[in-house]
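**Q** For reference, the chains in residue letters:
Protein chains: 2
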Amino acid sequence: MTALENLVQNLARLPGIGPKSASRLAYHLIKTDSAYNKQLGLNIATIQEQVFPCSICGSFTEVDPCPICDDPSRDKTQLCIVEQPQDVITLQSSGAFDGLYHVLGGAISPLDGIGPENLSFSKMLKRIAEGHFKEIIIATNPTEEGDTTALYIRHLLKDKKELSITRLASGLPIGGDLEYADRITLARSLKGRILF
Amino acid sequence: MTALENLVQNLARLPGIGPKSASRLAYHLIKTDSAYNKQLGLNIATIQEQVFPCSICGSFTEVDPCPICDDPSRDKTQLCIVEQPQDVITLQSSGAFDGLYHVLGGAISPLDGIGPENLSFSKMLKRIAEGHFKEIIIATNPTEEGDTTALYIRHLLKDKKELSITRLASGLPIGGDLEYADRITLARSLKGRILF
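These protein sequences, in sequence, are chains A and B.
Be aware that the first sequence starts at 45, since it is given in the working numbering, and climbs by one per residue.
Be aware that the second sequence starts at 45, since it is given in the working numbering, and climbs by one per residue.
It should be emphasised that the hints constitute simulated quantities derived from the structure, not laboratory data.
Computed from a predicted structure; not experimentally measured.
Computed cross-link-like contacts, BS3-like style, restricted to lysine-lysine with a CA-CA straight-line distance of at most 27 Å:
no. : chain 1 : residue 1 : chain 2 : residue 2
1   : A       : K204      : A       : K235
2   : B       : K82       : B       : K64
3   : A       : K167      : B       : K75
4   : A       : K75       : B       : K64
5   : A       : K64       : B       : K235
6   : A       : K64       : B       : K75
7   : A       : K75       : B       : K170
If you want a taste of the chain B side facing chain A, the calculated C-beta under 7 Å gives, among others:
no. : residue
8   : T46
9   : A47
10  : L48
11  : L51
12  : H72
13  : L73
14  : S78
15  : K82
16  : I88
17  : A89
18  : Q94
Some chain A residues flagged as far from chain B (calculated, every beta-carbon gap over 12 Å):
no. : residue
19  : I158
20  : H176
21  : A213
Where a beta carbon is used, it is the ideal one built from N, C-alpha and C, also for glycine.
Just chain A, with the same shape it has in the complex (with noise of 0.2 Å):
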């Protein structure tokens, strides 16, 4: 195999990338700036070094605990739980929140095999029963696993009487991620949320 069809089967692997796209990415990339290539080259081959999960919350971070964790101006009685760590910077970039975040990992799927025993249920309790917390707000994605999943929090969290536990307004459409809502919809369902 060439290097120029190996580059294009490694393009390819990509989501959202297939085979056409893949070699158009390639001739851009034989083409463009070299200095450029390298770059991207080594983000690509070195990200997994510099970006590891946040030993608190869960989210991507280049410093442990993540600058999220350490900010001592956030507002340590809400905690948003979302399923991604994806999820955080959404809604980071909606400026709509300033507590504290816990990433699960994804959300409860049978189908997928994905059971509670997955995801980050333990740490979420512990934090939550260690911390100083008021509000928690299930921020999962409003699919049917997003559901079952924030149907499950709500069941564990049932005899903590003293917390009041909301959940992201409607706004977002149904079906969809988190990830490809606007700002504005985002913020509107932060500001929105209803008790769950």
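On the provided structure of chain A, position chain B as indicated by the hints.
**A** Frame of chain A, contents of chain B only:
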């Protein structure tokens, strides 16, 4: 800027990849097989050292002359003129042509500041003068720029009465790019090429 932001920003510079796709790709890269990342990173960083234009036809190659120019079994009486190196691979994949290629490096486009002097016409004329071609197949894109370029080539070759000058048959969607045509359409346009 963090390593992750850096990666997202560099991915977003690729054609057809916006900021949201870039961050989706970045998160995929954080979680995927790390050997794959290293390989893809190396592919991207080194592609320009491995792939260069063939000194005869101008298509991308990893040996000079390219395997097509160097193949004694190919029909040396037919020369197919294309705009871009990737068009050679697209036409090759149709399996309907086994002559030689000549890559112009683009199409005449005064609005983009690309005149005949920026394209490899003199090299093309030299090849035609020194070779044993009987037919010149113009396979520029069916766009305004491609049509202009085709007319210009016909004008350049107007005194070569011994050459038959053809153009890919219609069947290609007008305004489109060669690269995105399917193989059958391409094979049909090659078979049904018309005198120009």
